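Trainee: Okay, here's what each chain looks like letter by letter:
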Amino acid sequence: DSGVTQTPKHLITATGQRVTLRCSPRSGDLSVYWYQQSLDQGLQFLIHYYNGEERAKGNILERFSAQQFPDLHSELNLSSLELGDSALYFCASSRGGREDQPQHFGDGTRLSIL
Amino acid sequence: AQKITQTQPGMFVQEKEAVTLDCTYDTSDQSYGLFWYKQPSSGEMIFLIYQGSYDEQNATEGRYSLNFQKARKSANLVISASQLGDSAMYFCAMREGFRIQGAQKLVFGQGTRLTINP
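Heads up: the protein sequence lines correspond to chains A and B, in order. If you're matching positions, the first sequence starts at 1 in this note's numbering and goes up one per residue. If you're matching positions, the second sequence starts at 115 in this note's numbering and goes up one per residue.
The hints are simulated quantities; they were obtained by calculation from the structure and are not laboratory data. Quick caveat: nothing in here was measured; it's all calculated off a predicted structure. Heads up, some of the hints might be wrong.
List time: in silico EDC-like cross-link candidates among lysine to aspartate or glutamate, alpha-carbon distance up to 20 Å [unchecked claim]:
id, chain 1, residue 1, chain 2, residue 2
1, B, Lys117, B, Glu131
2, B, Lys117, A, Asp107
3, B, Lys187, B, Asp200
4, A, Lys9, A, Asp107
5, B, Lys184, A, Asp100
6, B, Lys117, A, Asp100
7, B, Lys187, A, Asp100
8, A, Lys9, B, Glu158
9, B, Lys184, B, Asp136
Selected chain A positions facing chain B (Cβ under 7 Å, derived; list incomplete) [said to hold, decoys possible]:
id, residue
10, Gly58
11, Asp100
12, Asp107
Ideal placement from N, C-alpha and C gives every residue a C-beta, glycine not left out.
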């Protein structure tokens with residue numbers, strides 16, 4: 001158990017819909033990262049928050065947004081969903097931003113767009 | 115830009131044998147970290163081992179060790195005495211130094227699917 005909690009584990013929805021993925025980081029971790037894993041793109045970094053502030057953006061679509069709340073949990077919002085958004089979405093957390101700190105991953109949310 | 119290359123899409127190994135999973139990387143930074151993760155068929159990502167660019171000794175964690183050759187830019191994962199439960203996808207990842215804007219992200223290779231045969 002990594003200590004990172006993601007909900008829900010599975011989501012099935014239709015094109016055009018909006019969903020929210022939730023992540024609770026490990027106790028004491030200030031950084032939260034979101035990654036997308038798909039068959040064609042592999043594991044791609046989406047966005048990083050540190051203590052409530054956005055720190056870096058990766059290949060995140062404009063239809064996607066995220067935030068980190070004062071209690072450090074984070075939400076990833078995906079809107080106007082397309083078939084290609086079907087993927088496994090991971091949240092990871094770490095203490096801070098040093099390069100020697102591993103990111104611990106949650107179990108992921110598997111999103112299926114029908 | 116950072117790049118991680120894992121050239122072995124799949125590997126098949128007999129139980130109890132040692133196995134080496136290859137990883138080469140490309141970076142222009144002097145300060146970076148290299149990580150290995152395991153992803154079983156159930157989907158979760160499990161952190162295995164870390165190697166820093168300034169570490170003089172190869173990292174070890176139980177049956178996992180990292181064969182770090184900085185000049186060759188390689189960071190191969192060695193699993194000793196393989197077990198059936200080691201069957202999984204293995205990802206090599208890199209993180210550049212803290213002073214680079216947005217460097218905290220991990221860049222992953224495409225992964226190697228390891229199958230341990232009884």
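Trainee: Starting from B:Lys184, check that the Cα of B:Asp136 is at most 20 Å away, please.
Mentor: holds (14 Å)
Trainee: Return the status of the interface hint for A:Asp107: holds when the least beta-carbon distance to chain B is below 7 Å, violated otherwise.
Mentor: holds (5 Å)
Trainee: Taking only the CA atoms, is the gap from B:Lys187 to B:Asp200 under or equal to 20 Å?
Mentor: violated (25 Å)
Trainee: Is it true that the CA of B:Lys117 sits at most 20 Å from the CA of A:Asp107?
Mentor: violated (25 Å)
Trainee: Was the hint right that A:Gly58 lines chain B, CB cutoff 7 Å?
Mentor: holds (6 Å)
Trainee: Is B:Lys117 close enough to B:Glu131, meaning Cα to Cα at most 20 Å?
Mentor: violated (30 Å)
Trainee: Checking one constraint from the list: CA of A:Lys9 to CA of A:Asp107, max 20 Å. Satisfied?
Mentor: With Cα atoms ~8 Å apart, A:Lys9 and A:Asp107 stay inside 20 Å; holds.
Trainee: Verify the proposed pairing of B:Lys184 with A:Asp100, using a straight-line Cα cut of 20 Å.
Mentor: holds (16 Å)
Trainee: Taking 20 Å as the top limit, are the C-alpha atoms of B:Lys117 and A:Asp100 close enough?
Mentor: holds (18 Å)
Trainee: With the threshold set at 20 Å, check whether the alpha-carbon distance from A:Lys9 to B:Glu158 stays at or below it.
Mentor: Distance ~11 Å between A:Lys9 and B:Glu158 Cα, so the pair holds.
Trainee: Given a cut of 7 Å on the nearest C-beta pair, is the interface hint for A:Asp100 held or broken against chain B?
Mentor: Check passed: Cβ of A:Asp100 comes within 5 Å of chain B, closer than 7 Å.
Trainee: Tell me if the straight-line CA distance from B:Lys187 to A:Asp100 falls inside 20 Å.
Mentor: Measuring from Cα to Cα gives roughly 18 Å; hence the hint holds.
Hint compliance for this structure: hints 1, 2 and 3 are not met, and every other hint is.
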